[in-house]
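Guided by the hints, dock chain Y onto chain A, whose structure is given.
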Amino acid sequence: MALILLDPQRCQGCRICESACSFHHTKHKMFEPSRSSTHVSRDNDTAVITLSIDSTCDLCEGEEAPLCVKYCAYGARRVSR
Amino acid sequence: MKPHGYAGRVLRVDLTDGSITEEPITRHSESYVGGRGVNARILFDELGPSVRPLDPENMLLFGVGPLVGTLSPFCSRVSIDTKSPFTMGVGSTNCGGHFSAEMKYAGYDNLVITGRAENPVYLWLGHGEAELVDADGLWGKTTWETERAIRSSRNDNMVRVIGIGPAGENRVRSACIISDRAKAAGGSGVGAVMGSKNLKAVAARGSLPVTVAEPERFIEAVDAARRKIERFPKAKLYREDGYYGVESVYGSPAWEAGFRPVRNGQDDYWDPEKIKRVAGDTIKPYRKKILACFGCLVGCMPWMVVPDGPYKVEGEGWWNNSSNSFCTRVDCDDPEAAIKAHLLTNQLGLDGDNASVVIGWAFECYEKGLITKKETDGLELTWGNHDVVIALLEKLAHREGFGDFLADGVKAAAERLGRG
Chain A
1 MALILLDPQR CQGCRICESA CSFHHTKHKM FEPSRSSTHV SRDNDTAVIT
51 LSIDSTCDLC EGEEAPLCVK YCAYGARRVS R
Chain Y
82 MKPHGYAGRV LRVDLTDGSI TEEPITRHSE SYVGGRGVNA RILFDELGPS
132 VRPLDPENML LFGVGPLVGT LSPFCSRVSI DTKSPFTMGV GSTNCGGHFS
182 AEMKYAGYDN LVITGRAENP VYLWLGHGEA ELVDADGLWG KTTWETERAI
232 RSSRNDNMVR VIGIGPAGEN RVRSACIISD RAKAAGGSGV GAVMGSKNLK
282 AVAARGSLPV TVAEPERFIE AVDAARRKIE RFPKAKLYRE DGYYGVESVY
332 GSPAWEAGFR PVRNGQDDYW DPEKIKRVAG DTIKPYRKKI LACFGCLVGC
382 MPWMVVPDGP YKVEGEGWWN NSSNSFCTRV DCDDPEAAIK AHLLTNQLGL
432 DGDNASVVIG WAFECYEKGL ITKKETDGLE LTWGNHDVVI ALLEKLAHRE
482 GFGDFLADGV KAAAERLGRG
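Chains as they are written, first to last, in the working numbering: chain A, 1 to 81; chain Y, 82 to 501.
Bound conformation, chain A alone (with noise of 0.2 angstroms):
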């Protein structure tokens, strides 16, 4: 079974794997992050990132790759197979 592994380690919390996410659940509408399968937050007192994805992700069904790994700059995301 496919996975979106995530690495909070090399996240810098810019939040595109949101908005990529809900232009996904809206098929291609709108960009929406309460639509967002994967979730985004950051520490400010601490500069710690956290990352999760709930069970709406459905690994972008029809789309090529899923679109959180595509538009990820910083290499924080990748599919396991």
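It is worth saying that the hints were derived from the structure and are not from the lab.
Computed from a predicted model, the values in this text were never measured in an experiment.
No residue lacks a Cβ here, since even glycine has one placed at the ideal position from N, Cα and C.
You may find that some hints are simply not true.
[To be verified] Derived lysine to aspartate or glutamate pairs resembling DMTMM-like cross-links, with alpha carbons at most 20 angstroms apart: (1) Y:K369 with Y:E328; (2) Y:K449 with Y:D348; (3) Y:K369 with A:D45; (4) A:K70 with Y:E311; (5) A:K70 with Y:E301; (6) A:K29 with Y:E311.
[Said to hold, decoys possible] Pulled a few chain A residues facing chain Y out of the computed Cβ check, cut under 10 angstroms: (7) Q9; (8) R15; (9) R42; (10) D45; (11) I49; (12) S52; (13) C57; (14) L59; (15) G62; (16) A65; (17) Y71.
Showing chain Y alone in chain A's frame:
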């Protein structure tokens, strides 16, 4: 129906009577692209020429453009426009971070703030609704404490806060507005305008969508832009070492004579041994992580940690101009003191460039005997005395003693001194 790319609404807040009203962005967006364009038009139409910058009648506008909050790379800026207490003309500044996208998701493209609140308030923008919240308990706090307190009271660490520290509250001319604790909208004294309105902060949290007219063509354009960015040879380096770590290593053009002001700009040559102590490669051990603004592909902001000692501190930000401000301009080659000074400006809500200019000017006056310890509250303003730089930042932000003398900028201080 709201237009593509926009949240759809302009929020108007009159702090004097507490009224909050809305108008559709289409009143402006058909003639001007959002953000600064709309802010500038509203200022032009509505701000009278006789209004002084710190009068309640001055207007303070925040605006985000149509690409903010989409997948478009690099679109993270909020434009802040007002009448500037520095120049008495248009003050237009902007900063990155994450507030801009959150303001759009909260449902607003532009905020038009007028009046003066009787008691300190902050403006809450939450999921399409706006309200003014009592901020008595936040007044006097640093920008870091303010963000922490607002996030804590909302029990939500995704809330984004933009606001002022003590410098803005005290209407120091070099006060800026700080977003996400570290991104400074400086240069125009906008923090003093915000302080004059008794507005401590604007906090946003949203879940509303942003649409684009032709999504598939939009994505093609986004992908083309991303390919161009990846061809930029330094993109990868910035992600790894931050802007300063790449552009300011020892021996780089950034340290060539002429690039940096030394001892208040009296010289442009700085001793190479001093450069070595604060250059991009030397301060690498203090850089624990690199962070990105919303939607940015080339994160460049370092997270700096001074782990112990008198300058123990941890926070975001250190730039080329930080090393101008707190190294060359005041002749300080102690990297830990300089990092502390820079992060202190973020906490106090001071523009590091402007604040260090007036401090550097005071150091030069001291060197030339135009001011003495009698005027400086006993401080010895000798070049490289970084403890005095740090003490003066606090005094400046709080308008204490000699800090009050400097708080209206170099021109005002020089006129007051009058010994030229």
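Here's how the hints hold up against the structure:
| no. | hint | in the structure |
| --- | --- | --- |
| 1 | Y:K369 with Y:E328 | holds (18 angstroms) |
| 2 | Y:K449 with Y:D348 | holds (15 angstroms) |
| 3 | Y:K369 with A:D45 | holds (13 angstroms) |
| 4 | A:K70 with Y:E311 | holds (13 angstroms) |
| 5 | A:K70 with Y:E301 | holds (14 angstroms) |
| 6 | A:K29 with Y:E311 | violated (26 angstroms) |
| 7 | Q9 | holds (8 angstroms) |
| 8 | R15 | holds (6 angstroms) |
| 9 | R42 | holds (8 angstroms) |
| 10 | D45 | holds (7 angstroms) |
| 11 | I49 | holds (8 angstroms) |
| 12 | S52 | violated (13 angstroms) |
| 13 | C57 | violated (18 angstroms) |
| 14 | L59 | violated (19 angstroms) |
| 15 | G62 | violated (14 angstroms) |
| 16 | A65 | violated (13 angstroms) |
| 17 | Y71 | holds (7 angstroms) |
The structure fails hints 6, 12, 13, 14, 15 and 16 (numbered hints given earlier, in ascending order).
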